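Engineer: Residues per chain, in single letters:
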Amino acid sequence: MDVAIINSFIASVTDVMPQLGFGSINIKNQLEKSKKIVASGIVLTLGIVGDKKGNVAYAIDTEGAKQIASIMMMGMPVDELDDMAKSAISELSNMLTANASINLSNESINVDISPPTMLTGDSIELSMSKDQIMCVEFDIDGIMLEINVALD
Amino acid sequence: MENIRVMIVDDSTFSIAVLKRMLQKDGLEIVGTALNMNDAIQIAQEIKPDLITMDMTLPDGDGIECSKEILKHLKETKIIAISAMMDEEIIQRAKKVGIKAYLQKPVDQTDLDAAIERLFEGEELYGVLKSNFEEAFRESIFSFLKREIGGDVVVQKVADHAMTTNSSGISVAIGIIGRHDGRLIMDMSEATALGMTRKILQDEGQQIDDAINFLSEFTNIIGGNACSLLNGLNRSFGLRVSPPTVFRGKDITISIGDIMSESFIIKTDLGDVFMNVGFQKGEVAWM
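So the sequences go chain by chain: A and B. Residues in the first sequence are numbered from 20 upward in steps of one, following the numbering used here. Residues in the second sequence are numbered from 15 upward in steps of one, following the numbering used here.
One thing to keep in mind: the hints can contain errors.
[Stated by the list, open to error] Some chain A residues judged to face chain B by a derived CB distance under 8 Å, without partners named:
1) Gly66
2) Gly73
3) Ser106
4) Leu138
5) Ser146
[As the list claims (entries may be wrong)] Chain A residues, not near chain B, derived (Cβ > 10 Å throughout):
6) Val22
7) Ala30
8) Asn45
9) Asp80
10) Met92
11) Met93
12) Asp131
13) Pro134
[What the hints assert, rightly or not] No farther apart than 30 Å at their CA atoms in a straight line, the calculated lysine-lysine pairs in the BS3-like style are these:
14) B/Lys144 - A/Lys72
15) A/Lys54 - B/Lys213
16) A/Lys72 - B/Lys295
Bear in mind the hints are in silico, worked out from the structure with no lab data behind them. For clarity, every value in this text was computed on a predicted model and none was experimentally measured. Built from N, CA and C at the ideal position, the CB exists for glycine as well.
So here's chain B without its partners, still in its complex pose (with noise of 0.2 Å):
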């Protein structure tokens, strides 16, 4: 937890030495006190601070109405409520106006460490979760047809895809839901759709229906085994993947631009597959 800069604002300067003195055992720097809510929107304007801790109760107002002003600003920051007062009200308050953790003082140093750590791991997190997703998705889907279909496997990536992408025929898109949300889309032909189901169930009788089955299961596999991958790297990914949507047609448009993703191509004997996988970053959960 270094380079994390945190302002202070409690009207009882026993409690600021406290918090002090906890907040610079974790490493983090001090940029900011304040006693009161005037001083201590002033303060944070100039400061921008990553971090602030925050009072409930203040001689010129309260800490509820003292973040909602911060916030208006200062859109990047993060507060933790610290107050005597806790109770299911004031708690709910404090989520409305975008405080992101509550704790009551006295604070135990473990519960502060906790609260900052999650805080900040989801920004930490995302830089992992955006340079290995790739990775993932793509070992997934290369061991999953080299495996099943065999013969030449190449995944290629789309350098610059465009904001949509138009369907070869039968679409599948899943949610992957967990600390950072996004979402896998696999696109073939019918042809090649039928061609590997035949293949795979080495049965020439296998018609669209059972196609579509196979490519809802196929996504739904290379999604499932891409997330435990990731989830092995970093437990707190959580990721789990939703039940698969197919579409079926002709002259259907995808829209991938929406989201940080990256597309691939992967060629096959039976025909190509284009994959789409993207990532956005997730809001904290309150704590």
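Here chain A stands alone, though its shape is the one from the complex (with noise of 0.2 Å):
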């Protein structure tokens, strides 16, 4: 898959966290996965078209999710991931992906993509539209995000 593609969705984690109030953002694992994918806790994912096509599916188990939702919403604390805590998490997806497709556009790539489908349960089998995924899974402040992307 083309470099610039999943490059684009790192430079986004990279920027978009910190403005969240994130503070170390580390790619633990990057690598290429075959079609089916297993997750757990909550995942989104965004359909995306234009010059190229595809999806983008985002993982975070729950706890995880929840710190996330805290810090997006300046602190509060969250015990249990309620419509409040899904909105914010839903919101980042958003960002995630239109950031991504920013940075995209800069390499001449334009893309549009689609308000995100939300998910929740254990071993979720992903089963995204190419049979090549790149993937990849950041430490952020010690919170797992993977991000898998299937776009040509």
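Fit the two chains together into the complex; they arrive one by one in their own frames, and the hints show the way.
Structural biologist: Okay, here's the thing in structure tokens:
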């Protein structure tokens, strides 16, 4: 897969997360996965169309999602993933993808994105539109965020 | 373009007169004019216009600053910059503060009409979409299942759906992208998906991976057909569907309450299908 694509998503995380109040952002792992991905906690997927077509799926475990929601809501304690917390996470996926699409447009790849779809559960098996999926695992202040990009 | 209330901000009385004539020709109502930034900010707050034409050079400031100040209080007001000066830098600055379009003086009536039309048709289009999307998706899923599965197919609308719904086994999500964006979610049990796959392909040997492929294509067809129907109503919708993502697992909860959406249960001889489709109002693209 084009390096420009995955780099646009990586740059989006490293740009957006500090703006929201996160400190250290490290890439733990970067790998190519086959079509099926298994994730637990929260999965958000957004559709992408334009010069490239496909989708992106974000996976965060429930505890991590609560911490992210809390920081996004100015430190408000988040004990359970209620509608407000879910809405914050949903907005995060939107911000990250929109930012990645701006980065892509700087590489002359113009794409539009759809609203996110959010699912929660254990061992969710995901099949994305491509056989080879670019996956990046981030450690954001101890919270694991996984980004799966299937775009071609 | 009726019932649009406009305010003109320009440091030249001549320009105001010209713009007034052009806007009135379009049937717009001129509710205020201002020759400088201070008056503009004050009058705008008082009369809350739908549209403002904004000159970029004002005696006590510039159009960017003035727009920024006005938009702080009037989120719904749309601003079109109209200025003799136009370069990439000022366009970028205009975009950044939330100005929706930039036209260069002398303004051409056709360009002005087109800009106003595009700015306000979004609202109208959203209304058209709201009143038609339900029927388009109902029609699309009904005819597919009737043709491919046969038997009794009944599409029932879920009156008041909750914020979330539990998956029956396999869920598919498709993004819809256009003038207004949306999302289609299809959900059914593994047994139903397998049953439908075996029936359509007339092959009892079909396995769960085949069923996943079927459901993914099924959702793509329903979404694609419905969006084509809607695009047929008005080309400006420009709806396109993204490739599907399939989710499979036990105890999966899907959030459906975040955007305006409708849910349906489709009863078939091979089991129930759950469909949720919704749209959100898109931002006006830069002109």
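Engineer: Against chain B, does A/Val22 hold up as non-interface, every C-beta pair farther apart than 10 Å?
Structural biologist: Nearest chain B Cβ is 21 Å from A/Val22, so the label holds.
Engineer: Evaluate the condition: distance from the CB of A/Pro134 to the nearest CB of chain B exceeds 10 Å.
Structural biologist: violated (5 Å)
Engineer: Just double-check A/Ala30 for me: nearest Cβ-Cβ distance to chain B has to come out over 10 Å.
Structural biologist: The claim holds: A/Ala30 sits with its nearest Cβ about 20 Å from chain B, beyond 10 Å.
Engineer: Minimum Cβ separation between A/Asp80 and chain B greater than 10 Å?
Structural biologist: Given a closest Cβ separation of 15 Å, the condition holds.
Engineer: Close enough to count: is the Cβ of A/Ser106 nearer than 8 Å to one in chain B?
Structural biologist: Given a least distance of 6 Å, the restraint on A/Ser106 holds.
Engineer: Tell me if the straight-line CA distance from B/Lys144 to A/Lys72 falls inside 30 Å.
Structural biologist: OK: B/Lys144 and A/Lys72 at ~26 Å, within 30 Å.
Engineer: Does A/Gly73 meet its interface restraint, that is, does its C-beta lie within less than 8 Å of any C-beta in chain B?
Structural biologist: Cβ of A/Gly73 sits 6 Å from chain B, so the hint holds.
Engineer: If you draw a straight line from the CA of A/Lys54 to the CA of B/Lys213, is it 30 Å or shorter?
Structural biologist: With a Cα-Cα distance of about 26 Å, the restraint between A/Lys54 and B/Lys213 holds, given a limit of 30 Å.
Engineer: Can you verify the interface hint for A/Leu138: is its Cβ closer than 8 Å to any Cβ in chain B?
Structural biologist: Holds: closest Cβ of chain B sits about 5 Å from A/Leu138, inside 8 Å.
Engineer: Should the label of A/Met93 as a non-interface residue stand, given a Cβ cut-off of 10 Å to chain B?
Structural biologist: holds (21 Å)
Engineer: Does A/Asp131 really sit off the interface, with its C-beta more than 10 Å from all C-beta atoms of chain B?
Structural biologist: Violated, because the least Cβ-Cβ distance between A/Asp131 and chain B comes to about 5 Å, which does not exceed 10 Å.
Engineer: A/Lys72 and B/Lys295: Cα distance at most 30 Å?
Structural biologist: It holds: about 22 Å lies between the C-alpha atoms, which stays within 30 Å.
Checked against the numbered hints given earlier, this structure breaks hints 12, 13; the rest are met.
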